[in-house]
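> Given next are the chains, with one letter for each unit.
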Amino acid sequence: MTETTTRTAPDSGAEVVLPVHTDLLRLATAGSVDDGKSTLVGRLLHDTKSVLADQLDAVHRASADRGLQTPDLSLLVDGLRAEREQGITIDVAYRYFATPKRTFVLADTPGHVQYTRNTVTGASTAQLAILLVDARKGVIEQTRRHAAVLALLGVPQLVLAVNKIDMVDYGGAIYERIAAEFAGHARALGYADDDVVTIPVSALHGDNVVERSERTPWYSGPALLEHLETVPVAPDPFDAPFRMPVQYVIRPRTAELPDYRGYAGQVSAGVIAQGDEVVVLPAGIRTRVSQVDTPDGPVPRAAAGRSVTLLLEDDVDLSRGDLIAAADSAPRVTDELDATVCWLAEKPLQPGARVLVKHGTRTVQAMVTELSARFDEQELASVDTPDALQLNEIGRVQLRTAEPLPVDEYAESRRTGSFLVIDPADGTTLAAGLIGLPLAPLAAAVAS
Amino acid sequence: MTAEQQLDLPEDPVSTGAPPQVDNLDALESEAIHIFREVAGEFDRPVILFSGGKDSTVLAHLAIKAFRPAAVPFPLLHVDTGHNFDEVIAFRDRLVAKHDLRLVVASVQDYIDDGRLTERPDGIRNPLQTTPLLDGITENKFDAVFGGGRRDEERARAKERIFSLRNAFGQWDPRRQRPELWNLYNGRHRPGEHVRVFPLSNWTELDIWRYIQREKIELPDIYYAHRREVYQRDGMWLTSGPWGGARDGETVEEKIVRYRTVGDGSCTGAVESEAYTVDDVIAEVAASRLTERGATRADDRMSEAAMEDRKREGYF
Chain A
1 MTETTTRTAP DSGAEVVLPV HTDLLRLATA GSVDDGKSTL VGRLLHDTKS
51 VLADQLDAVH RASADRGLQT PDLSLLVDGL RAEREQGITI DVAYRYFATP
101 KRTFVLADTP GHVQYTRNTV TGASTAQLAI LLVDARKGVI EQTRRHAAVL
151 ALLGVPQLVL AVNKIDMVDY GGAIYERIAA EFAGHARALG YADDDVVTIP
201 VSALHGDNVV ERSERTPWYS GPALLEHLET VPVAPDPFDA PFRMPVQYVI
251 RPRTAELPDY RGYAGQVSAG VIAQGDEVVV LPAGIRTRVS QVDTPDGPVP
301 RAAAGRSVTL LLEDDVDLSR GDLIAAADSA PRVTDELDAT VCWLAEKPLQ
351 PGARVLVKHG TRTVQAMVTE LSARFDEQEL ASVDTPDALQ LNEIGRVQLR
401 TAEPLPVDEY AESRRTGSFL VIDPADGTTL AAGLIGLPLA PLAAAVAS
Chain B
1 MTAEQQLDLP EDPVSTGAPP QVDNLDALES EAIHIFREVA GEFDRPVILF
51 SGGKDSTVLA HLAIKAFRPA AVPFPLLHVD TGHNFDEVIA FRDRLVAKHD
101 LRLVVASVQD YIDDGRLTER PDGIRNPLQT TPLLDGITEN KFDAVFGGGR
151 RDEERARAKE RIFSLRNAFG QWDPRRQRPE LWNLYNGRHR PGEHVRVFPL
201 SNWTELDIWR YIQREKIELP DIYYAHRREV YQRDGMWLTS GPWGGARDGE
251 TVEEKIVRYR TVGDGSCTGA VESEAYTVDD VIAEVAASRL TERGATRADD
301 RMSEAAMEDR KREGYF
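Going down the list, the sequences are from chains A and B.
Residues 1 to 448, numbered by full-length UniProt numbering, are exactly what the first sequence covers, in order.
Residues 1 to 316, numbered by full-length UniProt numbering, are exactly what the second sequence covers, in order.
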């Protein structure tokens, strides 16, 4: 769906290709420490000419100051003082680059075990993840852990970048072995073969990053950027039943608009049109949409992803926290959540804990009634029942909420199937919650 | 493929004809509006930090759209360094009057006049903004402060969350940031703390300009090419003003210039440009080999971590 126009920039004389309509791919990186993630991201930015001269000058200067003979591209992306001092990435960072075909938002996540929560953060919105391994080490525990987190969070597409292929003399056999091993692991996590692509790269030398490399004649697939530009993007769920959490009630109370009462929100799934019958949850009141308003005026219909304001036929009691849903296909309303949680806090999760649950636009008090399982973080399969869940562990919990919530399964909807667990005392985000058991291997593990 | 095509729906007669959601700008606009409405729903006293620059003008435009047809339910806060471009102050006052917005001003000059702040030897006032900003937040009990910061601007900003918790001293601690999951933003904070909110996090400089073009957003004139007397210092074209002028050895020349960022006049440089219209600017930005900050902001050049250090102190 991309068109471009070409025009000449003043003074430069250079032909500049300006994107007119481009689509957006949100992606995340994952992988172990020292596998070269920052260098790969730096290389992608550099070779797509997303790095400008002053940024590159700064990298040349800083590299020289450190006594390096070639510029260290990881300095382009490691933004914090401590990261540059220690030569590691500490926190997730967001990068932007564009080609005439697509615009990219990249969540660049650290590889240290203690920062697994950042992988969860990056994965929660990603449509694709690039998982790096070092060709000399192959698939290691951290690779399996990250792949499991990506699968759990429902990232639809994976790329395994076998990096440092130059360090194994561009050996095709080594690459094949790693690709096969990873394919088996991905399959066990529920990925179809079509959704996993493996690419041999050297981030340091740029092999197969933007251009296909002549040094890997045994590889016939695309370069990384080529794949990122052409991989089908999973669209927002237009064909799912309509859902919209109400964020805010808009009431101008002006002389011209004394009776305007609009329910503002972002359509999280499906399509809404004027005249559609809807149900307001958790109250269960049925009514019809009298107008789909937007900041640019009324429209006949609006699809997932769009921020709109709905006007309803009946004068119903409705406020922030409520959910407007398709009347014929409403989510279930419950005060008992059976969920998978990624525990992100230092303080362990213990049964009986009182927490806050933020689901959609509603935040309610809740109690952890049961911790029923802890999943092995590499296979998401083997199970035990611990007394507590520690930082970065994944488990199955039951929660009772003070008020009923309208929920979907996470496997059906990343938006209405997800929630945050928040510490009521200091507001810390304790966990990422996924309603239901989103993966076949998990379900099998629990059943056994 | 657009949603319309996917569902085989007829052409939408009312909307502007832009493909729904496939366009990058539509997605960014929807996300920003969602963020504005979340904050309005969850916080007691939000405020928009407004400088009159292109990013905060886009921010104000999005706020107006987010609550239309009702008024924006919170004020603007301008931290006035006293070293502004006249065109920017005139523009600010025009915008506020046109949209019936409320404006709160925190003045660096007041702090210097009564001795609470001391002028720096280099005359640059940008770093002095932090104290009036934090005092303004405390005095007005603002609990959410919108900023126009974008993560593409600078590598420390690339680490910034959309909702960024600040302690009672306004400090940012990059190691203790909350994970930001899906589009569920956690705005919980304790008394005295506040949250900085960045609805433009995922926008690039080019996105901002393409949006200005699409929405026909008015900006201060100095963003477009004009004739101005300038002198060169540290590789930047500065202009005379209340902050001083050319020193010995610096010669004033007349040039055709424009500004890529609008900040304190003492440290914001002009670029030579013949971009007279938005279309010209978009072509120029797309072809530029320098970042906007690298090209025109002296305060970012002070050290390798200048932005991070100022953010830790409470600056944006």
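To be clear, the hints were calculated from the coordinates, so they are not data collected in a lab.
Keep in mind it's a predicted model, so treat the numbers as computed, not measured.
Please note: incorrect hints may appear among the correct ones.
To be verified - Reference listing, derived: stretches of chain A covered by chain B, where coverage requires no fewer than 3 residues with Cβ under 8 Å from a Cβ of chain B:
#1 93–107
#2 393–405
#3 413–427
Unchecked claim - Under the rule of at most 30 Å between Cα atoms (straight-line distance), these lysine-lysine pairs were calculated in the DSSO-like manner:
#4 LYS216(B) / LYS101(A)
#5 LYS49(A) / LYS101(A)
#6 LYS216(B) / LYS49(A)
Where is the CB? At the ideal position from N, CA and C, for every residue including glycine.
> Please flag the earlier hints that this structure goes against, numbers listed from lowest up.
Failing hint: just 2.
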